[in-house]
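All chains, full assembly: derive it from the sequences and hints.
Same order as they appear, the protein sequences are chains G and X. Counted the way our numbering counts, the first sequence spans residues 1 to 555. Counted the way our numbering counts, the second sequence spans residues 1 to 298.
Take the hints with a grain of salt, since some may be wrong.
[As the list claims (entries may be wrong)] Cross-link-like lysine-lysine pairs, in silico, DSS-like; alpha carbons within 30 Å at most:
id, chain 1, residue 1, chain 2, residue 2
1, X, 66, X, 80
2, G, 58, G, 79
3, G, 437, G, 58
4, X, 27, G, 217
5, G, 185, G, 254
6, G, 79, G, 437
7, G, 437, G, 217
8, X, 27, G, 437
9, G, 79, X, 27
Rather than coming from a laboratory, the hints here were simulated on the basis of the structure. Everything numeric in this text was worked out from a predicted model, so none of it was measured.
Residues per chain are reported as follows:
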Amino acid sequence: MVSGLTVNERQRALVVLALLAIVGMAMAAFGAMRGDLLQVHGFVVLLFSLVVLAPVLKGYFAPEPPAERLHDYYDDPIKVGIILSMIWAVFGMGVGDWVAWLLAFPDMTFDAAWSSFGRLRPVHTTGVIFGFGGSALIATSFHVMQRTSRARLADQFSPWFVLIGYQLFCILAVSGYLIGITQSKEYAEPEWYADIWLVVVWVVYLLLYLRTLARRKEPHIYVANWYYLAFILVVAILHIVNNLAVPASFAGVKSYSAFSGVQDAMTQWWYGHNAVAFFLTAGFLGMLYYYLPKRAERPIYSYRMSIVGFWGITFFYMWAGSHHLHYTALPDWVQTLGMTFSLMLLIPSWIAAGNALATLNGAWHRVRDDAALRFMMMAAIFYGLSTFEGSFMAIRPVNALSHYTDWTVAHVHAGVLGWDALITFGAFYALVPWLWKRERMYSPVLVEVHFWLALAGTLIYVFAMWNSGIIQGLMWRTYNDSGTLTYSFLDTMIAMHPYYIARAIGGLLFLTGTLIACYNIWMTIRRPAPRAAPAGDTPLPQPGAPLPANPQPAE
Amino acid sequence: MAVEEHKRERDPRTGHMMTGHEWNGIKELNTPVPRVVWIFLILTFLFGLGYWIMMPAWPIGTTYTKGLLDTNQHKIVTAKVQRAATDRARWTDQIAARDIGAVRADPALMAFVREDGHRLFGDNCAACHGINATGGQGRGFPNLTDGDWLWGGSPDEIAHTIAVGVNSPASPETRVSQMLAFGRDGLLDNDTVIAVATYVQSLSDPASAKGKAAAITKGREAFAANCAVCHGPQGHGNQQLGVPNLTDGTWLYGGDFDSIYTSIYEGRHGEMPAWEHRLTPVERRILTLYLLDKGGRS
Chain G
1 MVSGLTVNER QRALVVLALL AIVGMAMAAF GAMRGDLLQV HGFVVLLFSL
51 VVLAPVLKGY FAPEPPAERL HDYYDDPIKV GIILSMIWAV FGMGVGDWVA
101 WLLAFPDMTF DAAWSSFGRL RPVHTTGVIF GFGGSALIAT SFHVMQRTSR
151 ARLADQFSPW FVLIGYQLFC ILAVSGYLIG ITQSKEYAEP EWYADIWLVV
201 VWVVYLLLYL RTLARRKEPH IYVANWYYLA FILVVAILHI VNNLAVPASF
251 AGVKSYSAFS GVQDAMTQWW YGHNAVAFFL TAGFLGMLYY YLPKRAERPI
301 YSYRMSIVGF WGITFFYMWA GSHHLHYTAL PDWVQTLGMT FSLMLLIPSW
351 IAAGNALATL NGAWHRVRDD AALRFMMMAA IFYGLSTFEG SFMAIRPVNA
401 LSHYTDWTVA HVHAGVLGWD ALITFGAFYA LVPWLWKRER MYSPVLVEVH
451 FWLALAGTLI YVFAMWNSGI IQGLMWRTYN DSGTLTYSFL DTMIAMHPYY
501 IARAIGGLLF LTGTLIACYN IWMTIRRPAP RAAPAGDTPL PQPGAPLPAN
551 PQPAE
Chain X
1 MAVEEHKRER DPRTGHMMTG HEWNGIKELN TPVPRVVWIF LILTFLFGLG
51 YWIMMPAWPI GTTYTKGLLD TNQHKIVTAK VQRAATDRAR WTDQIAARDI
101 GAVRADPALM AFVREDGHRL FGDNCAACHG INATGGQGRG FPNLTDGDWL
151 WGGSPDEIAH TIAVGVNSPA SPETRVSQML AFGRDGLLDN DTVIAVATYV
201 QSLSDPASAK GKAAAITKGR EAFAANCAVC HGPQGHGNQQ LGVPNLTDGT
251 WLYGGDFDSI YTSIYEGRHG EMPAWEHRLT PVERRILTLY LLDKGGRS
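Pasting the structure below:
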């Protein structure tokens, strides 16, 4: 990997890592002076820079890479990204299943602060959304942008900076929760210094994407790139605005949000719902729009539906966040806008899902035989189901029943397990043999096993939480003839207990599938390469050679 | 190939035209957006439009469009809460006004008490006393169904305990009670603590005294000198001070030797919150009735 970098790039890596180590030491020193938790994170940063430094130093004296490499796609960071993503998947889903059991049996905390639900839950959400999902999005975006632009990544240094720098953000986030560092904003828990670091990483990511697109040899920009770009651009905006805060001290972890009261709540849920929209939806739609037609070997069903879907999704989602705050101190008119735009959002969402499923017309025999493609098909179905459910739950009277119950948890997991995770696994099963130049995955049977475990796990999870949530919501609003509430909160907890166990079992099935995927991917990588490379990519234009197809003017 | 040639290409499978775009082998059909999609897109927009006209919707400067229905969720919920309170008043007024004994004798009122008491107890008391009010086994939360009361089981005493709590910083009137840490604070040496624990255990469990005559004698003397002032010369306790009876086999913190030893050595200082700020007088009265009912039935 390092031997593929030029000496100049290796030096740049050393400089960045040295600066990072110095920042880590400074954080540790300033934190220690005030007895602040910042010192722990200073050591985390220092240790991280040293761990990354090791391979850079090891490969530092390798000979300069041949110039011919520039005539091919740059896939090293994608490969590392896939592996990192799978490590986060095991970690994040493992913690998720642990907290699922913890909810069923709340005594499993060993009387230790780090093991309480309040600290482990964000470890789970950050581990799966940002660790697993984010790394997968970065890795696949590097792949898709190169293939659909027929251009090599704009340079070799920034993809590594983005991928590895992003890992540092995730590690700071997760380790912080365990020792009690959080700004208590859901999905935006990391404190100010981690947030600033993510801004740096993200700006480099955006620039890399734009620079690579600018080098494209295709006249048009493919729809997957629209979605990836929307993901990168809007996540930057959301992240910066929602995390505006004043640090209590530059030598401490604590900061105070720039917003207060209902404005804070509204900003948080504008962020929160658009994180669902642009992180968990737009980015993964980019994945869907490339890997599904590529794997099915069918044309996208409708270019026009792609356009209407994209602009509908990006426009309507922006308004929908306030549906998280129905029946609160938020003014009525903001709730109205949140609900109505959520309803209008349904159609563009279904256009995207329908466009994907209609693309499979003429490839259903492949869906039957190829579990990787079936992962993607099932993901599109779950995407359609959960967007319907989301619009439905945004209707105020429905929300009155569903809000604060496990129904919300069911909805989220139908989305993240059924949609985001399945499309990612489908994409990885397609991508791993392509990138490592193998004929196929090590074991197609294990891909099948994974598919059914993941599907069964998702269904068990979602049905358990639907039952639990609706029972819970109904119990909360059941009245006696005397005009008083029938059930105490404790009664609802007792009613939910069997569903909590079912949920944990569903999660365990899903986690088992992920472990099988790790094994299968690992064995595919370890298998010696066949002589012919079956990646099936259109090659980059070679220097001196005439341009292949005549690029069309942009319309 | 020119653009026009691409446009003429037709997908043999679906019969739709291609756009002529291609990325790494991925092509696109130029299929029109199905009419049903436009219809539903328009329908959802029309619904939104109608909703905006009827309901508070769009901000304008410092105010917003009020909507034809002129609704306000705060007014709605306030009215609903008031209506519900009026609805409940037909029986809550009677419970508040009538004598406790009269309420207990009225089956219709007691049916309300059992319904609402279950919810009130579950939401406020069950976290410590358990959903069935049977207390926490050996963890200092008394069983409220066994007729054995620390601070008295009359309606007034129970109501007072609920209102002011025990050792509660939230109420100046709170009931105060503390078991001293005789061992830890050096009031008694360790051997004496062991002897007193042996003696106290024997009060409710005579069989445990077998073969420990010396310890019993020593424990009895130390008990008379140190413990009897609160627990009484016979260890029967004192409900005026919330002092438990040590002879009845009912234990707050466990009746085995180790638990008794720990109670004497480390002391005990349980706390019950005062509920007078959180629960209304009627709600506390319902809880009192609910407990009398529970205790009476067990």
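Regarding the pair residue 27 of chain X and residue 217 of chain G, is the alpha-carbon distance no greater than 30 Å?
Roughly 16 Å separates the two Cα atoms, so the pair holds.
Next pair to validate is residue 79 of chain G with residue 27 of chain X; report whether the Cα-Cα distance is within 30 Å.
holds, 26 Å
Proposed proximity, residue 437 of chain G with residue 79 of chain G (alpha carbon, max 30 Å)
holds, 12 Å
Going straight from one Cα to the other, do residue 66 of chain X and residue 80 of chain X come out at no more than 30 Å?
With Cα atoms ~21 Å apart, residue 66 of chain X and residue 80 of chain X stay inside 30 Å; holds.
Hinted pair residue 58 of chain G and residue 79 of chain G, Cα distance within 30 Å:
holds, 19 Å
Are the Cα atoms of residue 185 of chain G and residue 254 of chain G separated by 30 Å or less?
holds, 13 Å
Can the restraint linking residue 437 of chain G and residue 58 of chain G be considered satisfied, given a maximum Cα separation of 30 Å?
Judged against 30 Å, a Cα distance of about 26 Å means the pair holds.
Residue 437 of chain G paired with residue 217 of chain G [C-alpha distance capped at 30 Å]:
holds, 24 Å
Is it true that the CA of residue 27 of chain X sits at most 30 Å from the CA of residue 437 of chain G?
holds, 24 Å
The earlier numbered hints are all upheld by this structure, with none contradicted.
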